[in-house]
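For the protein sequence lines, the chains are A and B, in the order given.
Under our numbering, the first residue of the first sequence carries the number 232, and numbering increases by one thereafter.
Under our numbering, the first residue of the second sequence carries the number 232, and numbering increases by one thereafter.
Hint data in this document are derived by calculation from the structure and do not stem from the laboratory.
Among the hints, a few may not be true.
Copies of the same chain look alike in the list, so a pair counts if it fits in one copy or across any two.
[To be verified] Straight-line distance between alpha carbons at most 27 Å, and here's what the computed DSS-like set of lysine-lysine pairs gives:
| no. | residue 1 | residue 2 |
| --- | --- | --- |
| 1 | 358 | 445 |
| 2 | 611 | 678 |
| 3 | 243 | 358 |
| 4 | 552 | 535 |
| 5 | 552 | 517 |
| 6 | 638 | 611 |
| 7 | 358 | 484 |
| 8 | 678 | 358 |
| 9 | 484 | 517 |
| 10 | 445 | 236 |
There are 2 protein chains.
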Amino acid sequence: MSRIKNTALASKVASARDAAAVINTGDTVAISGFASAGTPKAVIPALADRIRGARAAGGDFTINLLTGASVSAEAERVLAEVDGIALRMPYQSEPTARRRINDGRMDYVDIHLSHVAQQVWEGYYGKVDVAIVEISGITESGELIPSASIGNNKTWLDVADRIVLEVNSWVPEAMAGMHDVYYGTALPPNRTPLELTRVADRIGQPTFRVDPSKVVAVVETNVPDSASELTEPDEVSLAIAGHVLDFFAHEVKAGRLPAGSLLPLQAGIGNVANAVLGGLDRGGYKDLTCYSEVIQDSMLRLIKDGAVAHASATSLALSAKGLAELTDNIDFYRTHITLRPQEISNHPEVVRRLGIIAMNGMLEADVYGNVNSTHVMGTKIMNGIGGSGDFARNGYLSMFLSPSTAKGGAISSIVPMVPHVDHTEHDVQVLVTEQGLADLRGLSPRKRARVVVDRCAHPEFRPLLHDYLSRAEARSGAGHTPHLLGEAFSFHERFNATGSMLP
Amino acid sequence: MSRIKNTALASKVASARDAAAVINTGDTVAISGFASAGTPKAVIPALADRIRGARAAGGDFTINLLTGASVSAEAERVLAEVDGIALRMPYQSEPTARRRINDGRMDYVDIHLSHVAQQVWEGYYGKVDVAIVEISGITESGELIPSASIGNNKTWLDVADRIVLEVNSWVPEAMAGMHDVYYGTALPPNRTPLELTRVADRIGQPTFRVDPSKVVAVVETNVPDSASELTEPDEVSLAIAGHVLDFFAHEVKAGRLPAGSLLPLQAGIGNVANAVLGGLDRGGYKDLTCYSEVIQDSMLRLIKDGAVAHASATSLALSAKGLAELTDNIDFYRTHITLRPQEISNHPEVVRRLGIIAMNGMLEADVYGNVNSTHVMGTKIMNGIGGSGDFARNGYLSMFLSPSTAKGGAISSIVPMVPHVDHTEHDVQVLVTEQGLADLRGLSPRKRARVVVDRCAHPEFRPLLHDYLSRAEARSGAGHTPHLLGEAFSFHERFNATGSMLP
Chain A
232 MSRIKNTALA
242 SKVASARDAA
252 AVINTGDTVA
262 ISGFASAGTP
272 KAVIPALADR
282 IRGARAAGGD
292 FTINLLTGAS
302 VSAEAERVLA
312 EVDGIALRMP
322 YQSEPTARRR
332 INDGRMDYVD
342 IHLSHVAQQV
352 WEGYYGKVDV
362 AIVEISGITE
372 SGELIPSASI
382 GNNKTWLDVA
392 DRIVLEVNSW
402 VPEAMAGMHD
412 VYYGTALPPN
422 RTPLELTRVA
432 DRIGQPTFRV
442 DPSKVVAVVE
452 TNVPDSASEL
462 TEPDEVSLAI
472 AGHVLDFFAH
482 EVKAGRLPAG
492 SLLPLQAGIG
502 NVANAVLGGL
512 DRGGYKDLTC
522 YSEVIQDSML
532 RLIKDGAVAH
542 ASATSLALSA
552 KGLAELTDNI
562 DFYRTHITLR
572 PQEISNHPEV
582 VRRLGIIAMN
592 GMLEADVYGN
602 VNSTHVMGTK
612 IMNGIGGSGD
622 FARNGYLSMF
632 LSPSTAKGGA
642 ISSIVPMVPH
652 VDHTEHDVQV
662 LVTEQGLADL
672 RGLSPRKRAR
682 VVVDRCAHPE
692 FRPLLHDYLS
702 RAEARSGAGH
712 TPHLLGEAFS
722 FHERFNATGS
732 MLP
Chain B
232 MSRIKNTALA
242 SKVASARDAA
252 AVINTGDTVA
262 ISGFASAGTP
272 KAVIPALADR
282 IRGARAAGGD
292 FTINLLTGAS
302 VSAEAERVLA
312 EVDGIALRMP
322 YQSEPTARRR
332 INDGRMDYVD
342 IHLSHVAQQV
352 WEGYYGKVDV
362 AIVEISGITE
372 SGELIPSASI
382 GNNKTWLDVA
392 DRIVLEVNSW
402 VPEAMAGMHD
412 VYYGTALPPN
422 RTPLELTRVA
432 DRIGQPTFRV
442 DPSKVVAVVE
452 TNVPDSASEL
462 TEPDEVSLAI
472 AGHVLDFFAH
482 EVKAGRLPAG
492 SLLPLQAGIG
502 NVANAVLGGL
512 DRGGYKDLTC
522 YSEVIQDSML
532 RLIKDGAVAH
542 ASATSLALSA
552 KGLAELTDNI
562 DFYRTHITLR
572 PQEISNHPEV
582 VRRLGIIAMN
592 GMLEADVYGN
602 VNSTHVMGTK
612 IMNGIGGSGD
622 FARNGYLSMF
632 LSPSTAKGGA
642 ISSIVPMVPH
652 VDHTEHDVQV
662 LVTEQGLADL
672 RGLSPRKRAR
682 VVVDRCAHPE
692 FRPLLHDYLS
702 RAEARSGAGH
712 TPHLLGEAFS
722 FHERFNATGS
732 MLP
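With the sequences and hints as input, model every part of the structure.
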């Protein structure tokens, strides 16, 4: 039976190719997708074909592409390969696109994920011409049932001139009801409090609204999302997780975190976050909550085991195995998982109120606790800041995690000065590597520096860092935050010259 | 008639010297004061005497000093002169203290002003032993009437073991009722929405509560605050203000700001902010609102003229002339001014909801829009980040203002790379100097760089900056944010070597 139960919208069913034809060069195109979940599957490749065709005919064809965060690698790649993206916002993680950005051939604007919806509403990105949004179904009354991510879809549907819907019948129908789409946001001066005080609170509705007259095409698909299974945590990740869990136990003992439940956890994605979450299972915690961006497979186990009572996110980025687990036990999981728009999952008001414990990865930190999350050697973008700043600035505790070295030991993730700052010393409270945990709360810069080097730096780099610090402090007029400006990037310059930060 | 109407507290009247005797070496002492307003006047000098005496007797005596923001220069100076401060938090602006911090003799922790109260509650600074809080009176029932600033006083009174009150009869009694002390904050997981949706909303009570059993001394004073009168704006400040006002007009025309009322304004203190506020008076605006930290003399004129309908702040830092104007027309001003705790004046939830237009000063910005607010040449602290980060991150528009040069043209406030970052590229939307205004919204780093140099840099420095950028971009593998790491601080190194950033 068709997933398109509304007659008016059913009459707009079209091919992906016809749908892509509504997009013109110069358009600003906003699409669904957050991490691996919910990217449109059919219209993007058709759009890439259209762009390739226009190029072959001697014309130019580029769009400005707005998304939730990263989208499926496939979608990003096909558009980047045809040089179809003039401007990209707000987060990307696909090698082809990244190369074009670093070559200066694609503009990329890297902003906090909580700022995206409001900045588009405020008009900072001009008119949104087309929205392409994947959903899992359309109700009789014409409401849209979200698919596996929400991201900025509510905003895209509200602001776009023309809307293309992809109805993906691969998304389990039973997922309906997990979504909580909030329709109370507004531009100032008309904003009101978000009445969300617990992770599990519902403040919205399970579906998107859409003005049917703006819908220009409905495309039917049956294509899976492409989340890969996470590998088992390696020793380094387990060591980092161990330090984090010890720290939580210490904070509970000191009366700074509630025993048993801690406070709502936010964790980035990837192996280190996965290891930390895995460790929670063995930490004897019950009734934990998570208020984060992405739910991965590991979260399902924590929910099943009772360690996590409720998880809120904007994206369900599950592997095929994880999806099977979810659908086989959907009535159970539906009461323990809520998916929200990313302006709510990352909202400063909610992050501050709930008292989030923010755990995010980083590329490197400097001895004073400034963090670089985005720029390799200070110049080449990796992915983007994503939501890390939303949680680090407004949360209860802001932690950044990384192995102490990269590239087989050639790169130290603790450096004298980071050549790009995404999180300032004012926003970084705890640094963790497999070497140990540096608690920077209440410390002046000079004291921070000793703790960061001694606890977090790899032993091979410690003497170099101590030497830098000693000479910087010995300098006449060393100042509050001693540095040798001529040597501050010596680690990075050495790497650029020799392929290693070690002399 | 005495300002101390409560019998139990009246029985605790003591000399400043006896009050200072309750403070022991090693204590954490939290005092009132925000900018020039509301610092205790009598007990701090007495404490400095006590410290001097202990030193003379061969002992050691230091305290950890917590405040609202800066306190009166007098108080900071007398304690710094006797090396009485081991650790200082969160903001300072007094030369003697600053010198000791930069010499590494005093620990200073520079945090966002909205984070202070919650971090103390969370226990990051240990136990608060003593609070010294200036008030303007005590009611019969023992409630405390605030003086000219609120700052963190509500928190200090709640958390301190021992409390010293200074009742300053210099503060006009008629100021009572301007204060709105909110008692609804809590530690997570028990936080609830702040029901404040308009600048003029009152959500608290006009007085502080205090547990009388914790009050160890009540000291009577009659000493004025020491705000100096602002000088008339110079040409550079007027030019900056002109660019800001043009920008507002442009944004109103584009439909991105409400005509007439704009959105609530936050402005730092000093001559540039004063010039911008002065300009508003001539901009034809009516019913503007301000949601800021400090109210200075210039605001009274704006209120009187009807340009500003309501101003909310945490400190009334008025000159003697300003204070006379206030008291002469107190019934008028009381309905147009609200003083709040700084955790509310700077609260991320409120700043986001109200949609604040944040205008803060800076030391320097780099070509990509990263801002240094705190560290001269990257190492020497000036004052601190204060509330600038609270407003810049969570507000509607984040603007940073500065003259394009300092030290008679020897220093450029636009540099290739800032050697200390307080506000990242993700949080800076508009830069303004007397040369012009750079609107960075929606621009990739390479495009931002051209706009910043061409609009904001002084013409003498533009060729140097263009040369840097061209060579950085020409480098093989230049990346998303091109830099020459070996030359990124060449301006600063040249200044350190020659006293000028110019070759």
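> What label fits residue 358 with residue 445 when the C-alpha limit is 27 Å: within, between, both, or neither?
Replying inline: Result: close within a single copy only, 14 Å intra versus 60 Å inter.
>> Within a copy, between copies, both or neither: which one fits residue 638 and residue 611 at a CA-CA cutoff of 27 Å?
In response: Close inside one copy (16 Å), not across copies (35 Å); limit 27 Å.
>> One pair to classify: residue 552 and residue 517, alpha carbons no more than 27 Å apart. Within, between, both, or neither?
In response: Answer is within; shortest intra-copy Cα gap is 25 Å, inter-copy 61 Å.
> From the Cα coordinates, with 27 Å as the cut-off, is the pair residue 678 and residue 358 best called within, between, both, or neither?
Replying inline: Intra 49 Å, inter 20 Å, cutoff 27 Å: inter-copy only.
> Are the CA atoms of residue 552 and residue 535 at most 27 Å apart within a copy, between copies, both, or neither?
Replying inline: For residue 552 and residue 535, only the intra-copy Cα distance (15 Å) is at most 27 Å; the inter-copy one is 68 Å.
> Should residue 243 paired with residue 358 be assigned to within, between, both, or neither, using CA atoms and 27 Å as the limit?
Replying inline: Answer is within: at 24 Å inside a copy they meet the 27 Å cutoff, but 66 Å across does not.
> How do residue 358 and residue 484 come out at 27 Å by Cα distance, when the copy is not named: within, between, both, or neither?
Replying inline: between (53 Å within a copy, 16 Å between copies)
> Between the shortest in-copy and the shortest cross-copy C-alpha distance, which are at most 27 Å for residue 484 and residue 517: within, between, both, or neither?
Replying inline: within (16 Å within a copy, 55 Å between copies)
> Is it within, between, both or neither when you check residue 445 against residue 236 at 27 Å Cα-Cα?
Replying inline: For residue 445 and residue 236, the Cα distance is within 27 Å only inside one copy (18 Å; across copies 68 Å).
> Should residue 611 paired with residue 678 be assigned to within, between, both, or neither, using CA atoms and 27 Å as the limit?
Replying inline: Close across copies (16 Å), not inside one copy (31 Å); limit 27 Å.
Checked against the numbered hints above, the structure breaks none of them.
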